[in-house]
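*Asks:* Chain order of the listed sequences is G and V. First residue of the first sequence? That's 909 in this note's numbering, and the numbers climb one at a time after it. First residue of the second sequence? That's 909 in this note's numbering, and the numbers climb one at a time after it.
Simulated from the structure, these hints should not be mistaken for lab results. None of the values given here were measured: they were computed from a predicted structure. Misleading hints may appear alongside valid ones.
Covered by chain V, according to a simulated footprint, are these stretches of chain G (three or more residues, beta-carbon under 8 Å) [stated by the list, open to error]:
hint, stretch
1, 939-946
2, 989-1003
3, 1009-1018
4, 1031-1038
When the alpha-carbon atoms are kept at most 20 Å apart in a straight line, the in silico PhoX-like pairs for lysine-lysine are as follows [said to hold, decoys possible]:
hint, chain 1, residue 1, chain 2, residue 2
5, G, K1112, G, K1123
6, G, K1008, V, K1006
7, G, K1051, G, K1008
8, V, K1123, G, K1006
Glycine included, each C-beta is placed from N, C-alpha and C at the ideal position.
Each chain is listed here by its residues.
2 protein chains.
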Amino acid sequence: MLKITTVVACKNWAKGQVAFVPTMGALHAGHVSLINLAKKTADKVIVSIFVNPEQFGPNEDFVSYPRQLEQDLLLLEQVGVDAVFIPDNNEIYPLKNKYKITPNCLADDLCGKFRPGHFSGVSTVVLKLLNCIKPDFLVLGAKDYQQVVIVKNLIRDFLLDCKVVIAPIAREDNGLAMSSRNAYLDIRDRDNARHLYKALQSIKSLITQGENVNKACEKYKNYLIKYGYRLDYLLVRNADDLSNNLSDNLVILVAAWLGSVRLIDNLVCRR
Amino acid sequence: MLKITTVVACKNWAKGQVAFVPTMGALHAGHVSLINLAKKTADKVIVSIFVNPEQFGPNEDFVSYPRQLEQDLLLLEQVGVDAVFIPDNNEIYPLKNKYKITPNCLADDLCGKFRPGHFSGVSTVVLKLLNCIKPDFLVLGAKDYQQVVIVKNLIRDFLLDCKVVIAPIAREDNGLAMSSRNAYLDIRDRDNARHLYKALQSIKSLITQGENVNKACEKYKNYLIKYGYRLDYLLVRNADDLSNNLSDNLVILVAAWLGSVRLIDNLVCRR
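Hey, can you work out the whole structure from these sequences and the hints?
*Replies:* Below is the structure:
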C-alpha cells in the first residue's frame, strides 16, 4: 500500500478508474463496508485520513476526536486498499486566509442548525480532496444523510464528473449506527443507544400504516426522552432533496445526545 | 474553430496543453493581447464568453453589459483561437440553490468594498470554469489586479494545478486601460479618462523620488477630482498580497467613476 502525504504526490498517483473514500480515521466496520463497496466499484481504491479542523465548531470535539493512525493503517492494509492519503493541515490549507464554500440553504438546516459552519467546512474540504485526487467515484456512508445530499449537490454545482456511491448504514448487533464517536459512550448509554434505531423502525412502521408523520415522530420523541436522549431533531423529510415537500419517498432523520455523545441516524421510508 | 456550449462537450475537448482565457465578451484589443499571450504559452487556446450574473451587484450593469456575440466570434476566428466556450446560465448554475465561494478578507477590500459579493461571484465562476476546462494555464489581464490576486490564491487554496499567466494592461493611445465598459464613456469623459493613467504615472514618479506614499496619493486625488472623477479609492498597497505592509514592491491602485462608468487601473512601482 502506498502512503501519500502530499497533494502533489497524490495527484501524480491516480491513473485508471479510482474510487475514493474520505474519512477522518478512527476506522470501524462502517468504513470497511465503504471500502469494500469502493473495491467493487473501481479498479483502484484510495482512502484519505484527515481530521478536518474546519468542520468542527469551536465548542466541538476536534481536539478529543479519536486518532489512531497506526491501527487505521493496519486495518487499511488488511482490507486491501491501494493507497492512503494522509495530508497534514498545511497540505490541505496552504493559505492562512482560507477560501470557504458556502452551501445552499441546507447548510443551516437539520444538523447545520446545531453545528454552524459544519457543512461549509465539509464542502470545502471535500472539494479540495476531489481536486487533489480526481476520483471517478466518491464513496460516502448513508449515515450522514444530509452530508450526502450536500456533497452530491456540490459536485453537480461545481461541474465535477465524480459519481457519488452510497454505502448503506453499517450497524452494531443492537442496531446502533456505527460511528467513530460511539467509542465515547459509557456502558449504560451504549445499551440505551439501541433505542435510536428502534424508534426509527417504529416510526417507519407507523407511517407505512398510514399514520400522520408528525404524530408518529412526536410519539417517539417521548420514547427517546424516556431513555435519556436529548433531541436535536427527530423529523421526516423528502428523501431526495431533504425539503419539507413530503412525497412518497421519505426519510426519517434523527440527531440526539446520549451523555456527551451526539448520535445521528436515519431510515428511508416509502409510503 | 470549435463552438462548445455544454460543460460535457467542453470537458471532452481538452487534450494536450491548454491555455484558457475567461471573458465576458465585448472583446477588445486587451482581450486580443491575452489571447496572443495564451497562444505563446500553450498548444491550444480556449476562450470563454459568459456574462456571469453572480458577479454583478443588484444595482450594477448586468442587464446593460455590452453583448456582441457575433462580432466576438468573428474576432476570435481572426485571432485564431482553437475553441470558444459559450455556456448558458443553466450550464454554469445547474442548481437553483447555488453554492458560493467566499474568498478571504480581500473580498471586502478595495473593489470588494464597493461591489459587495463581486469577488465571491468571480471566485465561484472561475472555479467552475476551471473544473470544466481543466486548463494548464489561465490567462488573466493585469488591469483587474485584485481579481488576479484572489484567483491566484483560489487556485492555490483549492489545490488546482493551473498556472496563472498575467498579461500586461493594454492601453488606448491616450493611456486609458482597455475595458469593455469604456464604450459607455461619452466624448468629454473619454478625453478626461487619460488623466487616470497620468495620475498613476505621476504618483509612481513621486514615490520613486522618495515622496511619502499617502501624500503622493492625496495630491492626485485632488487632481482627478478636478477632472470630474468621483473616487472609490486611490491608494498604494503591497504588490504581492495587496496588504498594507508596504515593502519595496508596491502597486498603486485606483477605482473612480467618470460619468456613469467605473474605471479601474493600477501601476506597479518598486522603490
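*Asks:* Against this structure, judge whether each hint is valid.
*Replies:* Each hint, compared with the structure:
no.: 1; hint: 939-946; in the structure: violated (count 0)
no.: 2; hint: 989-1003; in the structure: holds (count 4)
no.: 3; hint: 1009-1018; in the structure: holds (count 6)
no.: 4; hint: 1031-1038; in the structure: holds (count 3)
no.: 5; hint: G/K1112 - G/K1123; in the structure: holds (12 Å)
no.: 6; hint: G/K1008 - V/K1006; in the structure: holds (14 Å)
no.: 7; hint: G/K1051 - G/K1008; in the structure: violated (25 Å)
no.: 8; hint: V/K1123 - G/K1006; in the structure: violated (34 Å)
The structure shown violates the earlier hints numbered 1, 7 and 8.
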